[in-house]
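Chemist: Residue strings, one per chain:
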Amino acid sequence: SAVISQKPSRDICQRGTSLTIQCQVDSQVTMMFWYRQQPGQSLTLIATANQGSEATYESGFVIDKFPISRPNLTFSTLTVSNMSPEDSSIYLCSATGGVGQPQHFGDGTRLSIL
Amino acid sequence: TQLLEQSPQFLSIQEGENLTVYCNSSSVFSSLQWYRQEPGEGPVLLVTVVTGGEVKKLKRLTFQFGDARKDSSLHITAAQPGDTGLYLCAGLKGGKLIFGQGTELSVKP
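So the protein lines, in turn, are chains A and B. Quick note on my numbering: the first sequence kicks off at 1 and runs consecutively. Quick note on my numbering: the second sequence kicks off at 1 and runs consecutively.
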């Protein structure tokens, strides 16, 4: 299975600032996703990162707040913009070789906004 | 409204007991995946079930996919403290995973 590395693993940020999270996969994958998870709770899909084109966002998430890049098949970034305390969460990257293939996750980025 | 209802959300049991976690939906899924997540880590895939009625075993864990591919269960036999963690079911629909609420399992020695 693909190994997925995320960085930073955690950060504490000031209100109003932005943070970019990086996700690197050790092999070429078809699909990459970004999720948000409150501690001890389930995962909510933010968007599908599309290679070479704009990400596909889920209801309740917008590009201005969560810009996503995916310049190639193994790398993606998620930016959390103009952060507020409500953005404190765990952000997870995942990847799969294609529809129906197992989806694997990075260890997440634990973000706290003061 | 949660598309995939997972229950129970919290479970605290003694070592050696058996338990079952349920995931139910009114929707049909292409497949259903079960994950286990420990604090500070991402979810780790345990199993994928694809065929209605399918049963898969992973040591003391038994996974079942409903005949109609709308529900699934995870049964753990003789639970051990190492089984402690957050268990997540996720159904594949339209190329995307839809997660249940999760079950926080605590197994006390």
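Take the hints with a grain of salt, since some may be wrong.
[Unchecked claim] Below, simulated SDA-like cross-link-like pairs (lysine to any residue); rule was C-alpha separation at most 20 Å, straight line:
| hint | chain 1 | residue 1 | chain 2 | residue 2 |
| --- | --- | --- | --- | --- |
| 1 | B | K70 | A | S59 |
| 2 | B | K96 | A | S59 |
| 3 | B | K96 | A | G60 |
| 4 | A | K65 | A | T79 |
| 5 | B | K96 | A | S1 |
| 6 | B | K93 | A | G40 |
| 7 | A | K7 | B | K93 |
| 8 | B | K57 | A | G40 |
| 9 | B | K96 | A | K7 |
| 10 | B | K96 | A | T56 |
| 11 | B | K108 | A | G40 |
| 12 | B | K56 | B | K108 |
| 13 | B | K93 | A | G100 |
| 14 | B | K93 | A | S59 |
| 15 | B | K108 | A | T48 |
| 16 | B | K108 | A | L45 |
| 17 | B | K93 | B | Y22 |
| 18 | B | K96 | B | L3 |
| 19 | A | K7 | B | N24 |
| 20 | B | K93 | A | P102 |
| 21 | B | K93 | B | P39 |
| 22 | B | K93 | A | R36 |
| 23 | B | K93 | A | G60 |
Note that these hints are calculated values from the structure, not bench results.
Chemist: Please name the hints from earlier in the document that this structure breaks, with their numbers sorted from lowest to highest.
Modeler: 1, 6, 7, 8, 9, 12, 15, 16, 19, 21
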